[in-house]
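Number of protein chains: 2
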Amino acid sequence: MYFDSHLHTEGLGFSDLKKLSEAGIKEVCSLAFFPIEPKFPQTMVDLFRKLTEFETLRCEAAGVKMYPAVGIHPRCIPPDYGFVMKHLEEGEWLAFGEIGLENVTKEEIEVLTSQLEIAKERDIPCIIHTPRGNKKSATEKTLEILEKLDFPVELAVIDHVNFETLDMVLRSGYWIGLTVQPGKLSPDDAARIVLEHGSEKFMLNSDAGYRDTEITTVAEAAKKVMEVVGEKEMRSVARDNARKFLRL
Amino acid sequence: MYFDSHLHTEGLGFSDLKKLSEAGIKEVCSLAFFPIEPKFPQTMVDLFRKLTEFETLRCEAAGVKMYPAVGIHPRCIPPDYGFVMKHLEEGEWLAFGEIGLENVTKEEIEVLTSQLEIAKERDIPCIIHTPRGNKKSATEKTLEILEKLDFPVELAVIDHVNFETLDMVLRSGYWIGLTVQPGKLSPDDAARIVLEHGSEKFMLNSDAGYRDTEITTVAEAAKKVMEVVGEKEMRSVARDNARKFLRL
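As given, the protein sequences belong to chains B and A, one line each in that order. By this note's numbering, the letter at position 194 of the first sequence is numbered 194, and the numbering carries on one by one without gaps. By this note's numbering, the letter at position 206 of the second sequence is numbered 206, and the numbering carries on one by one without gaps.
Hints in this document: simulated from the structure, not taken from any laboratory. Be aware that a few hints might be false.
When chains are identical, the list treats them as one kind, so a pair holds in a single copy or across two.
As the list claims (entries may be wrong) - List of simulated lysine to any residue pairs, SDA-like, C-alpha gap at most 20 Å:
(1) K19 <-> F48
(2) K86 <-> K136
(3) K39 <-> W93
(4) K224 <-> P152
(5) K65 <-> P35
(6) K65 <-> K135
(7) K39 <-> E53
(8) K224 <-> P131
Take these sequences, add in the hints, and give me the full structure.
Given below as structure tokens:
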């Protein structure tokens, strides 16, 4: 049984959710994301409600246990986002995500920092996006923000890490999300990384969502890790580390 | 080339959208619907933006030309819905939908009536839901509201019509949506209706969306209409009537 630690079930159809379940991906963490910039902060609150109240049930009906993560992604920061922060401060949440930096603007840094401050105060695990372009400097800035906040290492996963940012994130001590998807890492890449650096810090995910993505890459990467590294390591990166990080 | 006149692409994954295209369903009308009751009217405005600005492009990328319809569905009426009405009054829209009655409450009647008033004033086609339970009396009430407004017959389609409500809606003169989906009409049912009542008033749809629905039922029903009735009739109910109704 596998765990996909980072996807967006809201972009998937019921048939995709069934494909996850059939591939043995029985648990997933689905991260808040709105594919346009909202005009109103209120929208984010209703989206978090949809994710936690409706989407969990839809996934369950397809045979997938879904754990929701809420938060403001840097590509969908609404105006007056203080309204959303207040909501995040007041609610009960399993995890914050997808949060992080995209273009490393002043506003993005403020929004990420505010969410991390709430997370630290309230002891909430954070799933932190790193962008496709500008990856190295955005990751450096993200780690700098975390360090400045003295953010607990067990409370953040730096996601979409690639060969360019791997060493830097390994040195930081935070969890590392390996996104297996055409254009990101291949199952072979993931297996190679685990073989070289051990299984302790990594969790596999697909980042599947709205676009034309492959759905069951965690299962494929898990098989490759099992083949190249071993069963114990496969279990860690394809399930147990995600469950430990999310305190399940 | 077929036209699905009523579905919710926001509940479908990219692979489902590709399935539509591969089945020859190259045009669809995607209707606004939020699967929980929003807490804020602002949310609806951002959802209409997502549908018109993002979802159209996502469908296009999968090979499907999507025409968006916006409006307040009776199952997702927000508080202070006047905010949404003002937005509907001010914008440029291809169609209103999914609107209609579910439990025939005073609020639902007000929300439907307000939207129909805007539509009549602004000459906007309306796609009108009828509920699964309570279908006959809800359809009667819907037709009564339309009649009271002297709502133009060419400007509304009464949707999810079944054998219980067919005669009533035929007498009213409005367009009729035939939803082909397990639990609603079968392809055989649709063909039988067209054989008996002609092709002039009907348009086929799947109502595919968030749930475990069949995606390509319009193509299947079209084939059955072609076989049982004829090619000309198939073209009307599986494409041309929807295009005429939406003024494409």
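Tested hints:
1. K19 <-> F48: Classified as neither; 24 Å inside a copy, 29 Å across copies.
2. K86 <-> K136: neither (31 Å within a copy, 46 Å between copies)
3. K39 <-> W93: between (24 Å within a copy, 19 Å between copies)
4. K224 <-> P152: Answer is neither: 31 Å inside a copy and 62 Å across each miss the 20 Å cutoff.
5. K65 <-> P35: between (24 Å within a copy, 19 Å between copies)
6. K65 <-> K135: Classified as neither; 31 Å inside a copy, 34 Å across copies.
7. K39 <-> E53: For K39 and E53, the Cα distance is within 20 Å only across copies (13 Å; inside one copy 23 Å).
8. K224 <-> P131: neither (26 Å within a copy, 49 Å between copies)
Comparing the model with each earlier hint shows violations of hints 1, 2, 4, 6 and 8; every other hint is respected.
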